[in-house]
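Participant: Following the hints, complete the assembly by docking chain B onto the known chain A.
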Amino acid sequence: MSGRFTWFNTTSLTLGFVFLYLPILILVFFSFNESRLVTVWAGFSTKWYVELFKDEAFLDAALVTLRVALLSATMATILGTLAAVVMVRAGRFRGRTLFSGMIYAPLVMPEVITGLSLLLLFVAMGIDRGFWTITMAHITFSMCYAAVVVSSRMVTFDNSLEEAATDLGCTPFQAFIKVTLPIMAPAIISAWLLSFTLSLDDLVIASFTSGPGATTLPMKIYSQVRLGVTPKINALSTILILIVTMGVITASILTKRAEAQRKADERMAEA
Amino acid sequence: MNISSAKKPSARFEPWEDPNEKPLVRFKNVTKRFGSFTAIDDISLDIYEREFFALLGPSGCGKTTMMRMLAGFETPSEGIISLGEDDIGTVPPYKRPVNMMFQSYALFPHMTVEANIAFGLKQDKWPKNLIQERVEEMLSLVQLRKFAKRKPHQLSGGQRQRVALARSLAKKPKLLLLDEPLGALDKKLREQTQFELMDIQEKLGMTFVIVTHDQEEAMTVASRIAVMDDGKIMQVATPEVIYEYPNSRYVADFIGDVNIIEGQLGNRTEEGVKLSWAEGQPEIAIANNTSRSENENACFAIRPEKVHVSREEPVDADNRIRGQIDDIAYIGNLSTYYVRLSNGMIFKAQESNRRRLANREFTWEDQVWLSWRNTAGVLLD
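If you're matching them up, the sequences are chains A and B in order.
Residues 101 to 371 in this note's numbering are what the first sequence lists, from first letter to last.
Residues 59 to 439 in this note's numbering are what the second sequence lists, from first letter to last.
Honestly, the hints are just simulated from the structure, not real lab data.
The beta carbon of each residue, even a glycine, is placed where N, CA and C say it ideally should be.
Hints may be right or wrong, so weigh each one.
[Stated by the list, open to error] With a straight-line Cα cutoff of 20 Å, these simulated PhoX-like cross-link-like pairs (lysine-lysine) come out: (1) A:Lys363 with B:Lys245; (2) B:Lys153 with A:Lys278; (3) B:Lys261 with B:Lys230; (4) B:Lys183 with B:Lys232; (5) B:Lys186 with B:Lys207; (6) B:Lys180 with B:Lys232; (7) A:Lys278 with B:Lys180; (8) B:Lys183 with B:Lys153; (9) B:Lys230 with B:Lys153; (10) A:Lys154 with A:Lys320; (11) B:Lys232 with B:Lys80; (12) B:Lys209 with A:Lys363; (13) B:Lys186 with A:Lys278; (14) B:Lys232 with B:Lys209; (15) B:Lys230 with B:Lys186; (16) B:Lys180 with B:Lys153; (17) A:Lys356 with B:Lys290; (18) B:Lys209 with A:Lys278; (19) B:Lys209 with B:Lys180; (20) B:Lys86 with B:Lys290; (21) B:Lys180 with B:Lys230; (22) B:Lys183 with A:Lys278; (23) B:Lys232 with B:Lys153; (24) B:Lys406 with B:Lys364.
[As the list claims (entries may be wrong)] Covered stretches of chain A (in silico footprint by chain B; criterion: 3 or more residues with CB under 8 Å from a CB of chain B, positions within the stretch not fixed): (25) 255-262; (26) 268-276.
[Claimed, not checked] What follows is a list of derived Cβ distance ranges for each label pair: (27) A:Leu182 with B:Ser140: 33 to 41 Å; (28) B:Pro167 with A:Thr111: 42 to 50 Å; (29) B:Phe71 with A:Gln274: 20 to 28 Å; (30) B:His211 with A:Val208: 33 to 41 Å.
Just chain B, with the same shape it has in the complex:
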């Protein structure tokens, strides 16, 4: 696949592509049941050292259970979870080299910031001077040196979040788990903190696993994302692949916005394959990026921002459909046009608003052309 990584254009970090690389964490056919309810259904998954791995899914999909099994708060009903060479399935939390940052931060309210960070080190019986040193180091890392003597309730939400991070990093865990770490912060602070998290992860060279339901957050911070639904992993891939090449309707729909068209594949030509999908509508040309056989039912997915809206017929476009603007969602930088096709289907197309609103080209009820290249979309099951 020809995808340019947005994150690290030079030395690319892709241990999952290297068959000789040993994973740090390995789930092998793991199932977790609570009574008759199956929270995790036969999952196998590898996470590599120095990855920033995201478990993404709606609430109740089992992502938190996965994390709690890594932390040791739950034990798998079946299967093996290993960390390095060790099977950690039934090792209690206090004996694992894994630390967790809790969604509620779980700072000890009766202890100062310093004491919170030192808690795990004291528990491990580090010598006093080393504890002091490590606490200082952690406080500088999260830029809270001035706040060492304060109690958690004397801090703002963002500061508490950083204390929680410092405390979970203090013991130099082999694996750091972050449970919705930025959920309680407002949008601006959350975006800023995402970059701080990435910086810290890179600086320390640690392995992070983050659980989140916020797809933007996962896309921003993660090296790879596992999209989960109903106790199963739907797809594991880099954010780029997840977005551009979703492997299922569920993933395409869950991440971002998408138009989905159901139809039947026609004959394969050199240029690709055509999908016929509705009476009186032109067939959709799709470049040859699929191994699907001919005359099969299929789903075509295309992101709204890959669809161009124009008044004139774009004669050199691979695909073009005529429709009428039904609705416009204006969100400032972007406008999403809801275009009604002649068969009644609503097609979403997104354009960035390079011009001021007053000079806008289209308005409600306008007849427009929708067009896209044959490489712009993907075929799904």
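So here's chain A without its partners, still in its complex pose:
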């Protein structure tokens, strides 16, 4: 396998990774800066982290974001799963193409348009904007992602499993709960995680649909940055990166373990 790390390969790899990760490294690095200025190093300190946890506004925003994300991810997963079941199970019916097309359309819709149209809707209906409107907006767009994730798993689901359950005495509803849901669980969990991340992430739609008293973390960060960046933002970003990284690593370890377990099981079956 000689020649895998040629001069050219090494350089392009390094450049690529630098391009991807240098900004993030700088951001993390300056979160530990003593100075108020984000570009001048003045010694190591964790004081911005302490500041961050003293800042009521930031904590409030974090709490709102978390609540919105939890609620909207859960609702989106439930609705998305139901939509996926219909799309995969119902077979051919009039307007099936239209229906599935309409489920996927918001995936490619510019966020600004989604946000704006939701804002107009809420105004027209005279709904006070705030926590609930953000949540509803997030349910609307992350539901599509959930439906896509669940339905891609659903198409490989063997329907005879559910039939077997009814044959053994389950009503169709019991069969769904006892057999279909547990088997679909991994897809449903990843749909939930995806919806959760999307909601956590969102700035555009939240800005359109939020009102006084309900500011999400991305909105808070954005408005702070406009007034000038403080290392507090760096500290906050570092914490977010840490959480996301830990999530990704945990998820990949879990899948790897499941894979190894499955392979070991198959060896056992052949023995």
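Facilitator: Same frame as chain A, but now just chain B:
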């Protein structure tokens, strides 16, 4: 009809011959349509208790629909399906004393072997100790006690098949449905499993209905076979009758190999009837096993293994035709000779290879005599 049963030479099991016997399952003028497509076309059929009944036919013949109506996954468009005294046409699957073993086995992947077998019992709210007992019993029946704690994907194909069987038997159904149960197994294992299935069926005294497209499988396991085609039942009979006395060209052709000769019936004599079928070919003598009238067009069917091939003219044979060997299919234990008659027809004759290949009597292009007794074939419509 004078047929000796190969299966149970002593006490013969033939409830269908007894007019006082009540069938367990009765299809009465059942039709099933899917949109404009008729899957089952006005079928009436009785299946008796303790039968091992096979629904046999090519794919798309409606055999699976019949089974799914018995399981409750489909409801008949017309007609009545009864189980015992009850009309079960519209009873949902979870309320029928019928269980099914699925072609894909449909084992629950998130449950152990034990939990799979116990699933139906828990659903019926059996007491815990009885469930435990029953699961143990089923595991011993299919010889999987060691594998109780494993998950389905930790088992081989044959073991999964046995778990599926155990799970479908656990609830002691009045009727067990088997949908192509051995389709996923290799040939050796399939043959072995056929006998296991028969043993289990006999031991438990249950009624089994099997759907298969494999005629050998149906012949091996079944007490009676229904040959289906295009939503209709062509013939229902024991494997022996289906093979030796097919009632139609379709059945004769579908089960095993056959030579079919079309011709015209001559005068009836004491010995039987003669069929003239081609210029310059001797008439075929057929023993008197038919009620067909004289001078009628008819089809004569004869199985290749009932035709004898010889070099010398067999002077005392009822029927003999001369031909030339066109091709030989050697499959080890048997050879099938494709013999071309003087009118161009290819006639199949099968001989078992009692001698080694090097000592074989005939080879390509040889002139041979084909001969058979007048009782060897049947007349069809």
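Participant: When the hints from earlier in the document are held up against this structure, which numbers fail?
Facilitator: 1, 14, 17, 29
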